[in-house]
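Student: Sequence:
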Amino acid sequence: MALFKRDPWILDIYRTYSGKNHLYIRGRALEDQPLKHYEQQTFYQTLRNTWRTFKTDEIRNASVGLTLPNGTQFETKADHEGYFLFDIKVDTDLDELSDDEGYLSLDVKFDEDNAAFAKAKKQKRLTKNSFKGETLIPPYSSVYGVISDIDDTIMHTGVTSFLKLRVAFNTFFKNYDRRLPLKGAASLYQLLHRGPSGNDQNPMFYLSNSPWNLYKYLEKFLDFHGFPKGPILLRDFPTPWDRTPKLKRPHKVHELLNIIKHYPDMNFILIGDSGEHDVDYYKDVAQQYPERIMAIYLRSVNHDKKMARVKSIADSFTICPMLLVQESKEAVIHAREKGWII
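Residue numbers (the UniProt record's numbering): 1 to 342.
There could be a bad hint or two in this list.
In silico PhoX-like pairs for lysine-lysine, Cα to Cα no more than 20 Å straight-line [said to hold, decoys possible]:
| id | residue 1 | residue 2 |
| --- | --- | --- |
| 1 | Lys109 | Lys119 |
| 2 | Lys109 | Lys122 |
| 3 | Lys183 | Lys220 |
| 4 | Lys283 | Lys261 |
| 5 | Lys128 | Lys109 |
| 6 | Lys329 | Lys311 |
| 7 | Lys132 | Lys261 |
| 8 | Lys132 | Lys109 |
| 9 | Lys20 | Lys89 |
| 10 | Lys305 | Lys283 |
| 11 | Lys183 | Lys229 |
| 12 | Lys132 | Lys283 |
| 13 | Lys77 | Lys89 |
| 14 | Lys121 | Lys109 |
| 15 | Lys311 | Lys283 |
| 16 | Lys77 | Lys132 |
| 17 | Lys89 | Lys122 |
| 18 | Lys132 | Lys220 |
| 19 | Lys216 | Lys229 |
Since the hints were derived computationally from the structure, they do not count as laboratory data.
Based on the sequences and whatever the hints tell you, model everything.
Tutor: Rendered as structure tokens:
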């Protein structure tokens, strides 16, 4: 018997977005550190989860296979941090394999012919080799898409606080059920998701500069507070010794443009806040795609200098409506006047 039990291998599959003939699936190969997120959990349980969230042991260069519901298979390889990506054009019509909400079920496995897999199996580090995931393929009923920031846009985070100390406190010491959404945000997003008919199932995309380590935490927060289900797009957490090739553009801009290019026939509403760089990102995207950005909603933050700058940009912006809103109800009124929601 081994003196110390070794953590089993797992594959985390993040909910992403795909197209009718394009798979875009992200995930990570890890040694499992079980996270037990409970409502009203103790302070100790929250600290334990936080420690496990960031103390990850990746499985480097793992060979990974993906199987669609029709049996079609694809393979890829994880990088030195365990992250893997399927970014593939396919002949299969993925719409036909999706459920009524537009979600395509996936089965992801470690390559059983790989020598590393055989070694892990011998060490009893694989209790199973079938990990479920899903990706969104917007249904035909969709009228438009919504791309939203998370921090201080739908969740009180404190990105404008001194040295971002409030961000650190909220992240490390507060459970998801004790984090506060902005007033009326969930109701606004549900209205946008349902669209002008009340049943349009418009796709919702959530962007954040948070690391992928917080994916399950943010997923729990969105679900607990009644936000529509949608892809959650985070980023690799950089370290001084990180050898991963850096993106040519900031993470949010990269994902924002990737979504827009992914769905060339879809228009979008963009939602962010006035505290960081959302106004610059969204303004630039609207200038590149002036016919496809319906409106930009920016939540006001408690920072006079930042607000003055954003207001100056919004007042002179003419490509599409750019509204600074104190509360969600202001965006609801505007969207209803435009006929985008009921």
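Student: Now look at each hint and say whether the structure bears it out.
Tutor: Going down the list of hints, with the structure as the test:
no.: 1; hint: Lys109 to Lys119; in the structure: 16 Å, holds
no.: 2; hint: Lys109 to Lys122; in the structure: 17 Å, holds
no.: 3; hint: Lys183 to Lys220; in the structure: 18 Å, holds
no.: 4; hint: Lys283 to Lys261; in the structure: 17 Å, holds
no.: 5; hint: Lys128 to Lys109; in the structure: 9 Å, holds
no.: 6; hint: Lys329 to Lys311; in the structure: 19 Å, holds
no.: 7; hint: Lys132 to Lys261; in the structure: 27 Å, violated
no.: 8; hint: Lys132 to Lys109; in the structure: 9 Å, holds
no.: 9; hint: Lys20 to Lys89; in the structure: 9 Å, holds
no.: 10; hint: Lys305 to Lys283; in the structure: 19 Å, holds
no.: 11; hint: Lys183 to Lys229; in the structure: 19 Å, holds
no.: 12; hint: Lys132 to Lys283; in the structure: 37 Å, violated
no.: 13; hint: Lys77 to Lys89; in the structure: 17 Å, holds
no.: 14; hint: Lys121 to Lys109; in the structure: 13 Å, holds
no.: 15; hint: Lys311 to Lys283; in the structure: 13 Å, holds
no.: 16; hint: Lys77 to Lys132; in the structure: 18 Å, holds
no.: 17; hint: Lys89 to Lys122; in the structure: 36 Å, violated
no.: 18; hint: Lys132 to Lys220; in the structure: 17 Å, holds
no.: 19; hint: Lys216 to Lys229; in the structure: 13 Å, holds
Checked against the numbered hints above, the structure violates hints 7, 12 and 17; every other hint is satisfied.
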